[in-house]
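Listed here are the chains, written in short residue letters.
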Amino acid sequence: VADARLFPDRPSAPGGSMNTDCRNVRNLLPMALLGEAESEATARIERHLSECAECRAESDRHSSLLGTLSATEVPDPGQAYWSTFLPRLRERISKEPVMAELPAKRREWAVAAAVALFLLGAAGVLTLKPSPRERSRMTLSFLATRTSPDTLRQALDEVLPGSEPMQPVGTGRALEVPGFVELQRALDSLVPPEEGDPASVADDLSPQARAWLLKALMPDRV
Amino acid sequence: MTSSPDRYERDLALVRRFQGGEGNAFDALVEDHRREVYRLAYRLLGNHEDADDLAQETFLRAYRALRRFRGDSSFRTWLTRIVLNLAADRRKWVAKRPQIPLEFVPEEDFQEPMPAASVDPIRKEVLHQAVSQLPPRQRETLILRVFQEMKFQEIAAVMGCTVGTAKANFFHALKGLRERVRG
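Going down the list, the sequences are from chains A and B. End of the first sequence = 222 in the numbering used here, gap-free, step of one. End of the second sequence = 1183 in the numbering used here, gap-free, step of one.
For the record, the hints were derived by calculation from the structure and aren't laboratory data. Be aware that a few hints might be false.
[As the list claims (entries may be wrong)] Restricting the straight-line Cα-Cα distance to at most 16 angstroms, the calculated cross-link-like pairs of lysine to aspartate or glutamate (EDC-like) are:
#1 B:Lys1151 to A:Glu38
#2 A:Lys95 to B:Glu1057
#3 B:Lys1175 to A:Asp60
#4 B:Lys1175 to A:Glu58
#5 B:Lys1124 to A:Glu58
#6 B:Lys1151 to A:Glu36
#7 B:Lys1092 to B:Asp1050
#8 B:Lys1124 to B:Asp1050
[What the hints assert, rightly or not] Residues on chain B that point at chain A, a partial pick, calculated with CB under 7 angstroms:
#9 Val1030
#10 Arg1039
#11 Tyr1042
#12 Gln1056
#13 Phe1171
By construction, the Cβ of each residue, glycine as well, lies at the ideal position given by its N, Cα and C atoms.
Construct the entire structure; sequences and hints are all you get.
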């Protein structure tokens, strides 16, 4: 922030009418109240507040607001809750696929195999000539049943990290695999417009496979 | 949990131990971060059940992805990003449920008493409502800054924006609150 530009050296208007200084001060008040304004700006704000009753009142209101916010606390759920937190998590982790425990080298091979299987299957399905709806159903069935959903999810996490919430979209490795958007577009193209929703062709799948597919392929729809 | 250099180094050391095959290093990370993750989840979702579920899911996601964690950001930043993204996903699921942040669970639901509130309950309710009505990015920035006490640089890293944008979001959040509370 350019303090000199924001705080031209001129006195506040007498009687508390709003002027440029007032606007500048009010723009910087939140940062100043958090203690994050630069020292020179803070000094100018304090000087201005000592002369301007309206801005001083505004500062008090902001301060009160922040104070009230800070004073609200999340109730602690108690020791009984915390004592079960990690055991419950461990139980869920124990149900995770063995994939997560594999050494990196073996995991890479497993991922590569899963990706290859996925691409092979997709290519094979795409070259068939049944109806579009039938093809899309076959594609989805292939993805869900011929490959372990967990294994394939891991594979997608590796090569298409945009589908994972903790990684920004577009930071995936430069592998020769279809991008997420391309994958979606390809699936969309398999579904005739009048039938529209790719989700509908997954209706016949098992609930687990369907949930996984919807999450993996259409995160925006979930 | 703090974001001090010591904290950062300890987290990173635990992550490296986990990546080296020490499973109980992950337990230590959970122990260190679970309270803050729960509190953030509670602020974002507004009730104990959803906060618990989100906290568990956050650590499960972290467990799955931790072997690929490179340390480009701090573990805390990375974990917070998971919380925010999962919370955003969840809000899509429960869009029909209007209550959002800063709600207070009835005291009888907990074994420990609620902390004494030092603010006027009527105004507090108005404020809760006002916070829940803020646009998501502003609300998240406000929560991260005021309650998680994150610096704007860290907030920017969590939210994938510039420091200036994070500050602007905070400014507008506060301005929005002022207008809503004033009404």
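Hint check:
1. B:Lys1151 to A:Glu38: Distance ~14 angstroms between B:Lys1151 and A:Glu38 Cα, so the pair holds.
2. A:Lys95 to B:Glu1057: At roughly 13 angstroms apart (the allowed maximum being 16 angstroms), B:Glu1057 and A:Lys95 satisfy the hint.
3. B:Lys1175 to A:Asp60: holds (14 angstroms)
4. B:Lys1175 to A:Glu58: holds (11 angstroms)
5. B:Lys1124 to A:Glu58: Measuring from Cα to Cα gives roughly 19 angstroms; hence the hint is violated.
6. B:Lys1151 to A:Glu36: Answer holds: B:Lys1151 to A:Glu36 is near 9 angstroms, not above 16 angstroms.
7. B:Lys1092 to B:Asp1050: Answer holds: B:Lys1092 to B:Asp1050 is near 13 angstroms, not above 16 angstroms.
8. B:Lys1124 to B:Asp1050: violated (22 angstroms)
9. Val1030: holds (6 angstroms)
10. Arg1039: holds (5 angstroms)
11. Tyr1042: Since chain A brings a Cβ to about 4 angstroms from B:Tyr1042, closer than 7 angstroms, the hint holds.
12. Gln1056: Hint holds; B:Gln1056 Cβ to chain A Cβ min 6 angstroms, cut 7 angstroms.
13. Phe1171: Status holds, d = 5 angstroms.
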